[in-house]
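Note that my numbering numbers the sequence shown so that position 139 is 340, with each residue one more than the last.
Hints may be right or wrong, so weigh each one.
Here are the simulated BS3-like pairs of lysine-lysine, each with C-alpha atoms no more than 25 Å apart in a straight line [to be verified]: (1) Lys226 to Lys435; (2) Lys435 to Lys392; (3) Lys226 to Lys385; (4) Lys435 to Lys385; (5) Lys392 to Lys225; (6) Lys223 to Lys392; (7) Lys435 to Lys223; (8) Lys225 to Lys385.
Note that these hints are calculated values from the structure, not bench results.
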Amino acid sequence: MAKKDLSSLGKELERKKETWSKAKKDTHRKLNHVLIFLGLVLVWYVGLFIAHDYTGSSVGMIPEENNMLLLYFRLITELNSIFEVLFSLGWFYYILFFFFYIFNLFILANEFARKSNSLSFPFTFFTKIYLSEKERQNYGSYLFFAIGQMFAAFVCPPMVFFTILGIGSISDLMTSQVGIRFGKTHISWNKNKTWEGTIAGTLVTLAICFLFVGIYWSLIFTLAFLVFDIFTEKPINLSDNLLIPIGCSLIYLLVRFFFNLDYYTLIIYWI
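Could you build all of it, start to finish, from the sequences and the hints given here?
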């Protein structure tokens, strides 16, 4: 009975979708990414506020060490360093890691069930709303989003992960919305994208990065976003939902390790 009700709901939502504009369809496809970002930031901010209120410090919320590649090397080369390394990341890192991964495993299960002839999952009908016709023939963009952001959550400290998640959600939404609504100048090698949309997404990226990782890293990540955005799909046949989080994560690991360039989080000073 419940399965039949869900199926009927899916068909009804699919009928409504046919009347939506291209911009509205795009918003519904990407809004859940934005809500994930805002929800996690809100949880972190409330936790930080409570920690400050009760302890007068941010111990546990902010990692003692954020040079992640250095920490991984220590785990490999120093046999007795495992507890010191794990505790240096702070308890919030593991809470964030756990809940974000549980949510993404839900997404992965939903997508693999949709593409399988033998597996089933109760919420595959949501893909009738969120996926374009092209995505229904392949794997949905939200699968690549989940994989890319899971990688970022694993190798980056919380503030850098929030930055990358914000880029992959808000900046990506702004890029497509401005491109759909106001875009006139198409990128010569990629007719599906416009310079107006790319510039809008780049400016939003700069603002997000400045709040979470400071001016130097905001310039680095903004340049990375610009390059990744204009070259994904064509000539690089790869989803930006996958390339942006993985690319930015690797850039952070390497620059932080080899150039010892730390970041600072502006929004902490608002507590």
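Against the structure, the hints:
no., hint, result
1, Lys226 to Lys435, "23 Å, holds"
2, Lys435 to Lys392, "9 Å, holds"
3, Lys226 to Lys385, "20 Å, holds"
4, Lys435 to Lys385, "18 Å, holds"
5, Lys392 to Lys225, "20 Å, holds"
6, Lys223 to Lys392, "16 Å, holds"
7, Lys435 to Lys223, "21 Å, holds"
8, Lys225 to Lys385, "19 Å, holds"
Every hint from the earlier list agrees with this structure, and none is contradicted.
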